[in-house]
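These are the residues of each chain, in order.
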Amino acid sequence: MMVSLKNIRKSFGSQQVLNGVDLEIDVGEVVVILGPSGSGKTTLLRTINFLDPGDEGSVTVGNHTVNCKKHSRPDVLQLRRRTAMVFQNYNLFANKTILENVMEGLVTVKRRPKPVAEEISRKMLTRVGLSERFDYYPSALSGGQQQRAGIARALVLEPDVILFDEPTSALDPELVGEVLQTIKGIAETGITMIVVTHEIAFAKEVASRVIYMQDGVIVEQGSPSEILVHPKDPRTQRFLRRITDPSQDPKHIDMREDSPANEKSVPTSA
Amino acid sequence: MNTFQPIEILRAVPKIFQAFPTTMLILLASLAFSMLIGAVFAMMSLSRNKVLNAVSKGYVSFMRGIPTLILIFLIYLGMPQLLKQVGIDMTGISLTAYIIACLSLSASANMSEMMRSAYLAVDKGQREAALSVGMSPAAAFARIILPQAVGVAIPALGNNMIMLFKETSLAFTIGVLDMLGKARAVSAANYGATKLEIYIAAGIIFWALCFLMEKGTKLAEKAYTKGRKI
Ligand SMILES: Nc1ncnc2c1ncn2[C@@H]1O[C@H](COP(=O)(O)OP(=O)(O)O)[C@@H](O)[C@H]1O
Ligand SMILES: [Mg+2]
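Chain order of the listed sequences is B and W. The numbers in my numbering rise by one with no breaks, and the one at position 60 of the first sequence is 60. The numbers in my numbering rise by one with no breaks, and the one at position 2 of the second sequence is 2.
Be aware that one or more of the hints could be misleading.
Computed list of lysine-lysine pairs in DSS-like fashion (alpha-carbon distance at most 27 Å, straight line) [said to hold, decoys possible]:
(1) 96/B / 15/W
(2) 50/W / 114/B
(3) 124/W / 70/B
(4) 123/B / 70/B
(5) 124/W / 96/B
(6) 96/B / 226/W
(7) 69/B / 50/W
(8) 204/B / 184/B
(9) 96/B / 6/B
(10) 15/W / 166/W
Computed footprint of chain B on chain W; a stretch qualifies when at least three of its residues, placed anywhere within it, have a C-beta under 8 Å from a C-beta of chain B [said to hold, decoys possible]:
(11) 63-72
(12) 117-130
Simulated from the structure, these hints should not be mistaken for lab results. The C-beta atom is built at its ideal place from N, Cα and C for all residues, glycine as well.
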């Protein structure tokens, strides 16, 4: 078992966002999480690396378990050193070049000597197709390039699991492909990944398991074909119908209120 | 009464400039101390402790509201009297030290606000990304947030420095021979015959130095951010 979440609960104020999530992920699995905006996908990922600690439950990554209720700083640091995250808005360090972004964790966290870190980082950036951009600052790159650098920054740390939070949803449509292609390449190397995405075709092709989440719980999970082609739960069926309807931008689907009138309501960011 | 003699302006400039080191000492020392004090109050205002937030807010509001000249009189005239009653003798403290203390306190409010807003201007995602790669909160602050906040703060720092520089001229009120004090002394030595020329010279010197600081700020900002956004 690589990742194990037990009964994760989380509220923001009076709003219960995660209602007891249990999840076990094996080594090398690529788990895709689907669900409408506001269903708690981002929050779930953030409870795994304690950017938002859960109120209840426990998180295990590798052989390191942390109780959400009573976690110490070193505990959390340990967890974060076994995980890495790829953010929706890339979040590259704005004061560092692409190469320095990738080196940063190696140097400050893993204590690799600089020349070693630099060599590893150059290789990693070359792998994601950024060999010409080492000395650029993030603001000088396209969204797709920034996100590939973000992926390199996560990958270079050799984490037990990489958490992707809608890695392509902030990108211009023509840049989505290059990033998905990069993620696919990484998935094939056997690293464990959890990917929140609305890209159904990508999920079909790359996922070993698909999870459908709504209102802070896992509604159903299974192989891509079980969930994406033959979903059992009406909530999953409804979601997939909406998301595959080309008149709907999946990013803007909000199913917290299940009334049809709400479908075209004000876009909420996913 | 003599007629206006522009040549006297030129004659006064080097004389006033003799006090340049004193003014610079006051400026640089006040700059350093006000940033230290400002940093403490900025941290307090950013902490999650409500009491510290309130203390910081109160301090900043007071220091912003009170005219520097009143602060100088309070501290220079009032404090020695108060401390004498508890047996502390302040007569050994130099005038320059008083003025540095007053200007540091007065400017610390703006410094605190400058640091607070620069910190808040750095995107939250930057800190989260640093934590997500396993950096400690302290490392995330030192290596990612602070360097970006400094870039944000440079223009405001330049402004604060210019304001502080102009306020160093208040030093003459308690008899420090800074550049303005020197100008007064030079004027008095001439029995006030060339006072207009001398104060014009003083004004020009202050303006020219402010101009240099403004240009310096722009250059510093450019050099620091070298082409990136922050
Ligand atoms: N920091 C926060 N403070 C308050 N509410 C939050 C916060 N983060 C998320 N939420 C709320 O929690 C719910 C789930 O959000 P999120 O996990 O981002 O959903 P998803 O990623 O599935 O769109 C939303 O209703 C959102 O408004
Ligand atoms: Mg989200």
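Regarding the pair residue 69/B and residue 50/W, is the alpha-carbon distance no greater than 27 Å? Judged against 27 Å, a Cα distance of about 23 Å means the pair holds.
For the pair supplied as a hint, residue 15/W and residue 166/W, is the alpha-carbon distance within the 27 Å limit? Judged against 27 Å, a Cα distance of about 19 Å means the pair holds.
For residue 96/B and residue 226/W, compute the direct alpha-carbon distance and say whether it is at most 27 Å. The given pair, whose Cα atoms are some 11 Å apart, holds under the 27 Å limit.
For residue 123/B and residue 70/B, compute the direct alpha-carbon distance and say whether it is at most 27 Å. Given that 27 Å is the threshold and the Cα spacing comes to 40 Å, the pair is violated.
Need the status of pair residue 50/W, residue 114/B: alpha-carbon distance at most 27 Å? Given that 27 Å is the threshold and the Cα spacing comes to 42 Å, the pair is violated.
Would you mind confirming whether the straight-line C-alpha gap from residue 96/B to residue 15/W stays at or under 27 Å? violated (48 Å)
For the pair supplied as a hint, residue 124/W and residue 96/B, confirm whether the alpha-carbon distance does not exceed 27 Å. The hint holds at about 16 Å.
Take a quick look at whether residue 204/B and residue 184/B sit within 27 Å of each other, Cα to Cα. Holds, because 12 Å separates the two Cα atoms, which is no more than 27 Å.
Regarding the pair residue 124/W and residue 70/B, is the alpha-carbon distance no greater than 27 Å? OK: residue 124/W and residue 70/B at ~25 Å, within 27 Å.
Can the segment 63-72 of chain W be counted as covered by chain B under the rule of three residues or more with Cβ-Cβ separation shorter than 8 Å? Coverage by chain B is violated for the segment 63-72 of chain W (0 residues, Cβ < 8 Å).
If you draw a straight line from the CA of residue 96/B to the CA of residue 6/B, is it 27 Å or shorter? Given pair residue 96/B, residue 6/B is violated - Cα atoms ~37 Å apart, limit 27 Å.
Can you tell me if the segment 117-130 of chain W counts as covered by chain B, using C-beta to C-beta distances under 8 Å and a minimum of three residues? holds (count 6)
Comparing the model with each numbered hint stated earlier shows that hints 1, 2, 4, 9 and 11 do not hold.
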